[in-house]
Amino acid sequence: MDIRVQESPFAFGAEAEAFAARQRGMGAVVTFTGIVRDLPGGMAHMEIEHYPGMTEAALRKIAEEAQARWDLGDALIIHRHGRLGPDEMIMMVATAARHRVAAFEAAEFLMDFLKSRAPFWKKEHLSEGAQWVAAKEEDEAALDRWAPKEGA
Amino acid sequence: MMDVLYFAWVRERVGLPKERVETGAATVRELVAELKAREPRYEAAFADEGALRVAVDQELTDFDASLTGAREVAFFPPMTGG
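As they're listed, the protein sequences go chains A and B.
The first sequence begins at 1 in our numbering and counts up by one.
The second sequence begins at 1 in our numbering and counts up by one.
Same shape as in the complex, but just chain B (with noise of 0.2 Å):
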């Protein structure tokens, strides 16, 4: 089990902030893959891998990295602070 969390229009899409999946996705890209099976919404919000942003356990990573003991996985858009 793991806590996978949206921001800003990935959470919109996906109509949610925060939901617990199970999964045994060994790969950010093999959790996409998973929640793009489920619904629309997923596949609405996951269509273009070029305009989202991840974080494995609050560290900025890309789609290959691992998830072996992740916790928590969030997608996002890319950030626009300051």
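Isolated chain A, as found in the complex (with noise of 0.2 Å):
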């Protein structure tokens, strides 16, 4: 499992290619690139924040129970944090696995825990002025399809 939080951007297509590279007997590998999304009115800069420490605990764990869940061979989290313009990468995931259906879940996965249960917070910084990214209820709600099943 290689789990990264930084400042400086990462390479979308080295990274994806060494991870593909280093698995043994996967089937599938799957990956997710989030952008930062320019606005209407313009978007000057992203400001990401987050919790050191507990930030690198949170994606751990929430890798651990991918991993475990889905019997992975691997898993990737690189999240960046600091000051970011329009159209540049914010995070990316990468999974792999026996099959693809495990792989294309488990990255689903990751990313609905990412969203609403790390402590990462944007700041979007517009020509009007700067506005924190409110947390939405259909990310809180994604949550409950993953929620062990009754009797299972």
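No lab work stands behind these hints, which were simulated from the structure alone.
On a predicted model such as this, the values are computed, not experimentally measured, just so you know.
Some clues are possibly wrong.
DSS-like, lysine-lysine: derived pairs with alpha carbons at most 27 Å apart [stated by the list, open to error]: (1) B/Lys18 / A/Lys123; (2) B/Lys36 / A/Lys123; (3) B/Lys18 / A/Lys61; (4) A/Lys61 / A/Lys136; (5) B/Lys36 / B/Lys18.
Hey, can you piece these two chains together into the complex? The hints should help.
So, in structure tokens, the structure goes:
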């Protein structure tokens, strides 16, 4: 497992290739990348704050859960913090599994938990001022589908 | 003594990222009540408990959580990672 919280950019292609190349016996690798979306009216930049120490521990815990639940061969999470411009990559996840369903599901699980359980906060700096991004109800609701099923 | 940390708009309202607090609070809610009684900026930061999340020693928890043996408490809005 590879968990990185960093201010600097990452090379998505090189990371994806290195991740795939180090797998053995895995039939599927899924990657996801999150990008700073430009907004109508123009976004000057996005500022991402985090909780050093807790962030790394929370990401590791989420990745360990995914690994156990889908029997993953490996998982990678890179998440940036600090100041990011429009169209810059914020984060990526990669999952490796024997079959594609597990790799896709585990990647979605990682994303759903990263959204609302990893201590990051985004602030959008627009031309007319700055605002903290509000958490969305749908992001919280997205966690429900991963809850243990009754009787399971 | 414990470290109290603030993030995002909670940090902005309180006006600092971290402070050492002398407290006898038994729970997170008691600590919040003590802080709110200090100054208006704390009152502003903690006005709506439902808009806040809390971590004790870097583990997410709730406002009823015990502070016995706690070294670090952090307050912040709902997280927006990814």
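**Asked** Looking back at the numbered hints, which does the structure fail to meet, lowest number first?
**Response** none
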